[in-house]
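There are 2 protein chains.
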Amino acid sequence: MSGETILGDWGGSHLRLWLRAGGKVVERRDGPGIAGLADSELALVEAVEGWDAARIVLCGMAGSRAGLREVPYLECPATSEAWKAGLVEIQLAGLSVAIAPGVCCRDEKGRPDVMRGEETQVFGALGFDPDLARGEPLFVLPGTHSKWAKVKDGRIASFRTFITGEMFALLAGSSLLSAGKDPAGEAEGFAAGLARAADMASAMSSLFEARAAQFCDGRTAGWARGFLSGLLIGGEVRELAPAQRQVVIVGEPELATRYSAALAYFGIESRTLDGELCAMAGLELLDDD
Amino acid sequence: MSGETILGDWGGSHLRLWLRAGGKVVERRDGPGIAGLADSELALVEAVEGWDAARIVLCGMAGSRAGLREVPYLECPATSEAWKAGLVEIQLAGLSVAIAPGVCCRDEKGRPDVMRGEETQVFGALGFDPDLARGEPLFVLPGTHSKWAKVKDGRIASFRTFITGEMFALLAGSSLLSAGKDPAGEAEGFAAGLARAADMASAMSSLFEARAAQFCDGRTAGWARGFLSGLLIGGEVRELAPAQRQVVIVGEPELATRYSAALAYFGIESRTLDGELCAMAGLELLDDD
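These protein sequence lines are chains A and B, in that order. Numbering-wise (this note's numbering), the first sequence opens with residue 98 and increments by one. Numbering-wise (this note's numbering), the second sequence opens with residue 98 and increments by one.
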């Protein structure tokens, strides 16, 4: 165990930093996401100013082309040991910065997929709960691009990305489907969307119902918003968790609640682990000797 | 047959006007779409200025809440006679304006759907080609919101909306999938998208491949754009035209070519009718005595 270290999860839209001293996290900070940053090195130096640490360990987009240094992806099946061995160390304004690799995989149909940051949460969750590392859990990490990761023998065996969060934001915020922010009717719309997801060949064919139901059935724009959420998350669950008994959700509470409800609708149990705690636990694995 | 009449198809994004004299279209104009117009009455009066006609016949969003006057939807199965009988006549700055109803339907699962304007093209196509009116053709009208309409005994029996065009615009233009406008690789991407649509349970699960393939397989942003187009249109065709031998495409050439290629990929023949000619033919049905 070293002295003070800074741990960081640097995503496209935000940076989360933790100061670790004596094996414990003692302070937390937020900073800007990598997307759109003109100078990521400068942003990092500013974000850690005043913290007295000789080493920074970063995961996420820090290792992307737009980040501090491009770090090659680790191929699935991925062990936490290989992941740690893939750390790239650079020097930056007198600091030693270690950047974790992301993970890539290719499914049986040849489809490529990538993640940067979510692997940290999965490895962190496995360290958290040895039962998960011994079993064959299916994880979902909801977000802009949600990741569904299969773990076997403590490794990330494979994973698949669904762009549900981004799709919802685009459709609810920028489309002609007229989904409004007023929450009136939203819960009822969410339930209707889940039911539709269970019923139809694809979510795509029911998206327009969000608009048509406002004309034909007097639904509110809030209902339409809920409907889109239920339809998209329900379609994702139906496709990626068939015949599954339990799924482990790693994420923030509001989204986790939606995924838990969608999983329950399809008869699947879930347990939720806090996304930030899992990220911290994963980064600690990288920092520990 | 009356004297001079103005025919118009007023959509959300543009207005198309034709001056009809002696039973023939003699002039054509374009104007602004209904979406975002502060004063649709004024916009119409300005758009027809200088044309000497006592009557205007309009279809599309002119009959929507945001248009000149809300005209109730006609329910499926919809005949062209009932559609014509549903015309609402208003007076506007000395002009007699007839506004056509849209059409609504509900499928066996209770899903509502609506169209305003596309019914004009379908009825126009049927008038164009008596063989279509006698058969049971399946029409696709590609666009921002593409409509798939089943015709039987000369009626619009049912239809379904797929928001493929809007989805493509949002994903290719505003998402994190990094689909670029440079056409390099686009045709190859389109073919790969069609193949993926045939292969997968849903288009949703492969959207992220547009991004991952750039990291893992060195694909270009143009390839990603083509891939998204092929994946979305392919998914639509696969879902809405199973076991179909022929589909009639009504639309503009560039989109029609894409749909024709997607249909051919799934072993379905297609013929294409020009969307604007079909709209004119449909409006003429409303104008004829």
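Quick caveat, the hints were computed from the structure, so don't treat them as lab data. Don't take each hint at face value.
[Unchecked claim] 20 Å max Cα-Cα, derived EDC-like pairs, lysine to aspartate or glutamate: (1) K249(B) with E205(B); (2) K206(B) with D296(A); (3) K206(B) with E285(A); (4) K206(A) with E172(B); (5) K206(B) with E167(B); (6) K206(A) with D314(B); (7) K206(B) with D314(A).
Self-check item: Agreement of K249(B) and E205(B) with the hint, judged by alpha carbon distance not exceeding 20 Å
Solution: holds, 17 Å
Quiz item: Between K206(B) and E167(B), is the straight-line Cα distance small enough, at 20 Å or below?
Solution: violated, 27 Å
Exercise. Given the hint that K206(A) pairs with D314(B), test it: the Cα-Cα distance must not exceed 20 Å.
Key: holds, 14 Å
Practice problem: For the pair supplied as a hint, K206(A) and E172(B), confirm whether the alpha-carbon distance does not exceed 20 Å. | Solution: violated, 44 Å
Quiz item: Does the structure keep K206(B) and E285(A) at a Cα separation of 20 Å or less?
Solution: holds, 18 Å
Practice problem: Quickly compare the C-alpha distance for K206(B) and D296(A) to 20 Å and report which way the hint goes. | Solution: holds, 8 Å
Quiz item: Does the alpha-carbon distance linking K206(B) and D314(A) stay inside the 20 Å limit?
Solution: holds, 14 Å
Hint compliance for this structure: hints 4, 5 are broken, all remaining hints hold.
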